[in-house]
Each structure stands twice: as C-alpha cells, then as structure tokens.
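**Q** One letter stands for each residue in the lines below.
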Amino acid sequence: MIEIKNLQFGYSRKGAPLFSDFSLSLSAGQVVGLLGKNGAGKSTLIYLMAGLLTPDAGQVTMHGVDVRRRLPSTLADVFVVPEEFELPSMSLNRYVAVNAPFYPRFSMEALKSYLDIFEMDGAMPLKSMSMGQRKKSFICFALASGTSLLLLDEPTNGLDIPSKSQFRKAIAQSMTDERTIVVSTHQVRDIDTLLDHVVIVDRSQVLLDAGVREIGQRLTFGSEVVPDALYVQSTPLGPVTVSPNLSGLETPIDMELLFNAALTQPARMKELFTRK
Amino acid sequence: MKDNVFSARRFMNVLRKEIAVNGRTLLLLALGLYMGLTIVMTFGNMMFSHSFEIPVTLLANVVVYCIAAFVFSIMASMAFSGLKTRGSRVDLLMMPATALEKVLVQALVYGVAGVLVFLLCAQLADLTRIGLMNLLIPTAEIPGPINFLAFPYNYAFGVSNYDARISFGTMLTMALAASMATYFMGAVLMPRYTWLKMMVVMQAVDIVIFVVLILCGRWMNATWIHYITDVNHVDGIGWFFTVLAIVQAVVCAVLAYVFFKRKDVVTRSVL
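Protein chains in written order, with this note's numbering: chain H, 1 to 276; chain Y, 1 to 271.
Any given hint might turn out to be false.
Claimed, not checked - Calculated cross-link-like contacts (lysine to aspartate or glutamate; reagent style EDC-like; alpha-carbon spacing at most 16 angstroms):
hint, chain 1, residue 1, chain 2, residue 2
1, Y, Lys84, H, Glu256
2, Y, Lys261, H, Asp66
3, H, Lys164, H, Glu119
4, H, Lys37, H, Asp196
5, Y, Lys84, H, Glu84
It is worth saying that the hints were derived from the structure and are not from the lab.
Just chain H, with the same shape it has in the complex (with noise of 0.2 angstroms):
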C-alpha cells in the first residue's frame, strides 16, 4: 500500500541526510507502529509518507502513485494527525460540516461512536476545548474521515490515563482490512497492545521491521539470563531479556525491551529476522 523505496532526505544541504536510501514496505489492514529515538525522523517519515516533503531522492508512493504529486484523490485518501495542530474558531460540528465534505469515505454515524467513546461533545467549541481534549476531537474525525492511510505522530501525548484507553479502543473499532494506521511514538507502552507491525527507525536505518507474531515467534521476553541473550536490562525486580525464541511458539512481547534491543544490537537483530 505505501512504498517507500531508497529514500534520500535531510533538512540541510550540508551534513549528512535524515534517511539514505531509505526503503520501508506497508501493506492494508496494519496497525504500524513507528518507533525510533528522539531525532531518529520518526515526524519526518510521516511527512514524507503524507507527501508534505519532497525527498532528495527516490520514491514514496501510495497504491502505486506519487504522494509528492498532492493528487486530490490522494490527499482524500491520507489523512495526518500532526503532535502539534492548529483548530478554528468553532465548535466541532462546524468542524465537521466544513472538512467532512472533502472525503468521500466520512461516515457521521462513526464520528459519533468514536465521540461516545471519548465522551466528547460535538456542539462544544473547538476553542474552549483543553489541548487533549482538541485532540481527541481531532482524532475522532481523522478516525471517521474513512481514508485507508492514516498517519498519527504522537497521538497519546497530551492524553490523560483514560483517554489512552479509549484511543486505544477507537483505533481498534476503526481498523478494517484497507486501512493502514501508522502510529509514531516514543510511548510505546499506551500502543504496544494495538500493534500489528513494529518498524524501528535509527540513523536512516531500519532496525526492525516485522509483524508482531513473528516478533513473537522470533524472540522471546523474560527475566531468565541465557547465554545468547540480545538485550539484558536489570531492574528492581530482577533482570529482564531479549532473547531468541528457540522454541518457535508465540510469546507476548514487551515493546519497551524490544526498542532497546534492536537499538543495541542491530546486526544481531537484523540476523534473526532474516534466518528462515
């Protein structure tokens, strides 16, 4: 669905680029999570997978055209919800009256279930709203904007303890077998549930990039300290690894230790998702 193929980009002429031949491949019906480090050009991907920046080099294309090209059947097909957004003077309704005609795919029947669920109400102006309160508000509509890519940077900050919970059962009510939702976060603990697919970005590479149940075939989390642990990290309650599943069944995944383990070690990581 989107291909990102040999990417070149960097904000500045001199010094070396964000993404170098960069190539990253998403298919319908995904919840990805984008995960990377502070400055790794996890907002910047988004933005070029949006087409609101032009690479250097190479390609990004969605269902086979240019997102570069701005096409307007294109752009009624992304929608992005950036970590910092503007909103208008008026209430949600108004909101919604003015911007859902631009998508063809807007359903006001799911606008008002995702509103329910965040127990928003749509006659309040968008205003007088809290910041989280004006993101979920957005969130909403972006959820019922039917576009098949939708692209979230951040979404979770600036939510309270509940509302993640509710982000998390909206993006859940909302997934079809079409949509693609990208989620770009450092906070992969209020996503880790959702996630269908893991990419981890670093220094213009991609460390990982792989389906949650093969990361779960693949790897197993603990706190036994095996010999060929990738990651071992010590805590409180004793150490927890990152170590290669050698029994080949499924074993739930902890995000936060799996980052951690594809940032220390990339080759070893890169190794095990490659070997059949």
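Could you slot chain Y onto chain H? The hints should help.
**A** Here is chain Y on its own, set in the frame of chain H:
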C-alpha cells in the same frame, strides 16, 4: 474522486472552508474599514467645506485611492494565513484540493472580494458622511453622494476614452493590480512574516520594479517610442507602463501559484 486540475465542487468546498475559518476576521476588518473611511470622509468634509475650492471628486479620488492602495495591499498580504504555522500548514497542504483551487480561493477572497468589499464600505461610509454632516453641521457644504461603485470603470478606462488613449487612471489601476499581485506572491514566499514586515519587503520590491520601469521608459522615450506615438491614438508611454504592470501582475500571480505548489510543510535550508 477525479484528479482534474480544477473542479467547481472542490473549489466551492475550499471557498466555504476559507470563509468559515476566516469569515469573522474578514467581517471585523470590513467593519473597521467602514468606520475608518467614515471618519476620514467626514473629517475631510468638515475640513474642506468652508475653506478651499477643491473639487470634491478630486479629493475623493486622491484620498480614497490612497486608502484603497493601502488596504488592497494589506488584504493581499493577508492571503495564505494557513501557511503561517506548521499546524495550519499541514491542514492547508493536506486539504484534498489542487494547488490551483487553493490559490484561486485566496485570490478571490483577498483580491477580488476584498476590492468589492472596499468599494461597498466606501459607498456606505460616504452615505454615512452625509448623514453625520447633516446631523453635526447642517450648515456646512455637504457634497452629494459619490458613486464609488463606478470607480473601477472610471479608473480603469479614464474619464473619456473615445480616442483610445491610455488614461492615467488605467495606468494607476493596472499598477494597483500589479502591487496586489506582488503582495500576494509575498504572502506565499514569506508566510511567517507579519503582514507589516511582508508589506515593507514587497513594497521595496515594488519600488525597485517601478524605478526600473521608469528608467526603461525614459530610455525608450529618448530613443524610439516617441516615433510611434500618435497623439490621436495610443499614448506610447502610458501603453508601455500599462502593459508592463499587467505583465508584473500576471507574472507574480503565476509565481505565487508555482511557489505554493512546491511548498513543503517545513522549509529546508538552502545551504
């Protein structure tokens, strides 16, 4: 959804959104404009009704034209307010419409509609002037209502054009259109500037273009243009400046479209 360059339905959606988001601000501006013009016209009437023998149409022409030039420049520089912050830039660039539709909406609202609103405000202000003068100083000389809605025609084609001579009014109107287009382009190029800062920069650009044109005109007048000037037909110099003003307006409008089409959500360093 079809990807044709222009769709009336999409254009109307974009226009509707622009009015919904910025309509209140524009209405307040129109109100401020009406009140400002009322004060200026009433004050002008008070100042000159007892003193000078200045024809009121000339006074209205000069004052209103100067105010118009100032207001139109501000309006053109207010275009593309959606480019000012990153959040609003994402919203504007991701709006499912073509760049042409988005640019045309801005040109319509902050160009054409702005001019029409100005003329309407000027007309209402003039009528209010008459009412206020009758109320405050009924003994003063109160000229009758001026037909501001005829201004575009009077200025575009001059008082008399039966001999097809390019009038000073036509040149001024084309120069005003050229200035507005320059500011419009500036609004795309420098969205983070305040309207005042952008106006100063683009006015400098305008002045440079004007000086270059003057020099070109003097050179041309000194060499060959006076040979083709026929006093019974086209005024060579006026024709020259008018055409160049139109060219400047068209070039700036096209550049505004091109720059907007290439706009990214984050402006990258060129170094």
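**Q** Decide, hint by hint, whether the structure agrees.
**A** Now for the hints, and whether the structure bears them out:
no. : hint                  : result
1   : Lys84(Y) - Glu256(H)  : violated, 37 angstroms
2   : Lys261(Y) - Asp66(H)  : holds, 15 angstroms
3   : Lys164(H) - Glu119(H) : holds, 13 angstroms
4   : Lys37(H) - Asp196(H)  : violated, 20 angstroms
5   : Lys84(Y) - Glu84(H)   : holds, 13 angstroms
Checked against the numbered hints above, the structure violates hints 1, 4; every other hint is satisfied.
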